[in-house]
Amino acid sequence: GAVVSQHPSWVICKSGTSVKIECRSLDFQATTMFWYRQFPKQSLMLMATSNEGSKATYEQGVEKDKFLINHASLTLSTLTVTSAHPEDSSFYICSAASGVYNEQFFGPGTRLTVL
Amino acid sequence: EDKVVQSPLSLVVHEGDTVTLNCSYEVTNFRSLLWYKQEKKAPTFLFMLTSSGIEKKSGRLSSILDKKELFSILNITATQTGDSAVYLCAVETSGTYKYIFGTGTRLKVLA
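Chains A and B supply the protein sequences, listed in that same order.
Take the first sequence: its letters are residues 1 to 115, numbered as in the numbering used here.
Take the second sequence: its letters are residues 1 to 111, numbered as in the numbering used here.
Worth flagging that the hints you see were computed from the coordinates, not collected in a lab.
Note that the Cβ used here is the ideal one computed from N, Cα and C, for glycine as well.
Incorrect hints may have been included.
[Stated by the list, open to error] Restraint-style ranges between C-beta atoms, simulated for each label pair: (1) A:Val3 with B:Glu55: 27 to 33 Å; (2) B:Lys41 with A:Glu63: 22 to 28 Å; (3) B:Ser94 with A:Leu68: 26 to 32 Å; (4) A:Arg111 with B:Ala111: 27 to 33 Å; (5) A:Phe39 with B:Ile54: 31 to 37 Å; (6) A:Lys64 with B:Arg60: 39 to 45 Å; (7) A:Trp10 with B:Asn75: 31 to 37 Å; (8) A:Ser5 with B:Ser51: 28 to 34 Å.
Looking at chain A on its own, in the form it has when it is part of the complex:
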């Protein structure tokens, strides 16, 4: 199967700072990448869908100005949590898909803790 990496795997930051999370497809070109958020003991909630070279599509209730998504190349998407607050502390997971594969491939996730 295809491999997706995320960096960093965990991050701790102060309230008010911005944090960038990278998602890379290592051995395939991802036309579409997805960003999920998972709070403790809850399921994955889709935040946004991004297609290479175009603006991300955000799910209802997700602030696009707070969660900036960039999908500048077929192998890299970034999620920037701006002005992070403790309630943004969560597990952020990306996934990648392409026309070659009929499924999403998940990255290992990034655990964000905002103090």
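We have chain A already, so just place chain B on it with the hints.
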């Protein structure tokens, strides 16, 4: 509104038991149903189901889809403590690659 519902929410069994996890869905433009196992990190893929009535099997795990009744089950036989995890069901809608995840079933297998 599209939704995926899993049951039970949690389950505690003893090693050697057989468990059945349920996933029902209501979505427009169904494409496939997927099962994942999640331990401490991101979900790991188990099965993708697209056709009704065809069982998919991998070792002690098996799954089947009923597109008429809009549900799927995941069976685990001879459970082991290593099966303890959250099992997630997701439904993909056609043409989008978008997955809608269920709430998950938290399985704990006691030695």
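Do the hints match the structure? See the list:
no.	hint	in the structure
1	A:Val3 with B:Glu55: 27 to 33 Å	holds, 29 Å
2	B:Lys41 with A:Glu63: 22 to 28 Å	holds, 26 Å
3	B:Ser94 with A:Leu68: 26 to 32 Å	holds, 29 Å
4	A:Arg111 with B:Ala111: 27 to 33 Å	holds, 28 Å
5	A:Phe39 with B:Ile54: 31 to 37 Å	holds, 35 Å
6	A:Lys64 with B:Arg60: 39 to 45 Å	holds, 44 Å
7	A:Trp10 with B:Asn75: 31 to 37 Å	holds, 35 Å
8	A:Ser5 with B:Ser51: 28 to 34 Å	holds, 33 Å
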